[in-house]
Amino acid sequence: DTAVSQTPKYLVTQMGNDKSIKCEQNLGHDTMYWYKQDSKKFLKIMFSYNNKELIINETVPNRFSPKSPDKAHLNLHINSLELGDSAVYFCASSPGSQPQHFGDGTRLSIL
Amino acid sequence: DAKTTQPTSMDCAEGRAANLPCNHSTISGNEYVYWYRQIHSQGPQYIIHGLKNNETNEMASLIITEDRKSSTLILPHATLRDTAVYYCIVSSGGSNYKLTFGKGTLLTVNP
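Chains A and B supply the protein sequences, listed in that same order. Using the numbering used here, you'd call the opening residue of the first sequence number 9 and step up by one each time. Using the numbering used here, you'd call the opening residue of the second sequence number 4 and step up by one each time.
Next comes chain A alone, as it looks inside the complex (with noise of 0.2 angstroms):
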């Protein structure tokens, strides 16, 4: 019944290792995202989707690749793992401009 379900829901692997986070809505959002919140709670967008369409791109480095392969989902991939991307990264979705709804979290843990 989740409406935005993110796998795993922990992560933990070590530097320079390569690790992706997926996430599925079942709410028939035409709009996803990925968001990052560090160790100081602070919550960034990373990128947005809207019909499988790359939107929002926010000087993220290209070490991270989203993908869609449909509106219903957004994988983020990560290549070379390096420490500061320690980190909870949350996925959302929402119709068009409409409130977002968030999924619980993917925390990374990099040693």
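There's no promise every hint is true.
Computed Cβ-Cβ distance ranges for the label pairs, DEER-style [said to hold, decoys possible]:
1. Pro-24/B to Ala-80/A: 35 to 41 angstroms
2. Thr-15/A to Thr-59/B: 23 to 29 angstroms
3. Gln-22/A to Gly-18/B: 46 to 52 angstroms
Taking lysine-lysine and the DSBU-like style, the derived pairs with C-alpha atoms no more than 30 angstroms apart in a straight line are [unchecked claim]:
4. Lys-48/A to Lys-6/B
5. Lys-30/A to Lys-55/B
6. Lys-72/B to Lys-79/A
7. Lys-72/B to Lys-60/A
8. Lys-55/B to Lys-52/A
9. Lys-6/B to Lys-27/A
10. Lys-72/B to Lys-48/A
11. Lys-49/A to Lys-60/A
12. Lys-52/A to Lys-17/A
13. Lys-44/A to Lys-27/A
14. Lys-52/A to Lys-72/B
These aren't lab readings, by the way, just hints derived from the structure by calculation. The structure displayed is predicted, hence computed values, not measured ones. Idealized CB from N, CA, C, for every residue including glycine.
Given chain A's structure and the hints, the job is docking chain B onto it.
Same frame as chain A, but now just chain B:
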């Protein structure tokens, strides 16, 4: 998007109304005021939004001043479960729609 200013923290007694202020003196005519909250370890949750008129839903009321330079979120009967960080966000929507989160207000509801 316009910047917002909120108090860092507030306290409220259980069962009483919680009034959370927000200043957005540089808001533009087409920008909405959104309120979200984040309960510890969860994703942000949409509460309410408005443009000019006061708004009310099952969660809260939003009072926007006539000049639109400030607003107040009202939780009419706060419960312990309302303890969270509350974010006031100004956004114009449209194709470049995104939420820019500030530091928010930590509301602590005390028994």
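Cross-check of the supplied hints:
At about 38 angstroms, the beta-carbon gap between Pro-24/B and Ala-80/A stays in the expected band of 35 to 41 angstroms. The hinted range of 23 to 29 angstroms is not satisfied by Thr-15/A and Thr-59/B, whose Cβ atoms lie roughly 36 angstroms apart. Against the hinted window of 46 to 52 angstroms, the Cβ-Cβ separation of Gln-22/A and Gly-18/B comes to about 50 angstroms, which satisfies the hint. Of the pairs offered as hints, the one joining Lys-48/A and Lys-6/B holds, with about 19 angstroms between alpha carbons and a cut-off of 30 angstroms not exceeded.
Under the criterion of a C-alpha separation no larger than 30 angstroms, the hint pairing Lys-30/A with Lys-55/B is inconsistent with the structure, at around 38 angstroms. With a C-alpha separation of about 37 angstroms, the suggested pair Lys-72/B and Lys-79/A falls outside the 30 angstroms cut-off, and the hint is violated. Under the criterion of a C-alpha separation no larger than 30 angstroms, the hint pairing Lys-72/B with Lys-60/A is inconsistent with the structure, at around 36 angstroms. Taking the CA atoms of Lys-55/B and Lys-52/A, the gap is about 26 angstroms. The hint holds against a cut of 30 angstroms.
For the given pair, Lys-6/B sits about 34 angstroms from Lys-27/A by alpha-carbon distance, which is inconsistent with the 30 angstroms threshold. Annotation: proposed proximity of Lys-72/B to Lys-48/A holds, straight-line Cα distance about 28 angstroms (limit 30 angstroms). Under the criterion of a C-alpha separation no larger than 30 angstroms, the hint pairing Lys-49/A with Lys-60/A is consistent with the structure, at around 29 angstroms. For the hint pairing Lys-52/A with Lys-17/A, the CA-to-CA distance comes to about 19 angstroms; that is within 30 angstroms, so the pair holds.
Taken as a hint, the Lys-44/A and Lys-27/A pair is honoured in the structure, with Cα atoms around 15 angstroms apart against an allowance of 30 angstroms. Of the pairs offered as hints, the one joining Lys-52/A and Lys-72/B holds, with about 24 angstroms between alpha carbons and a cut-off of 30 angstroms not exceeded.
Hint check: violations occur at hints 2, 5, 6, 7 and 9; the rest are consistent with the structure.
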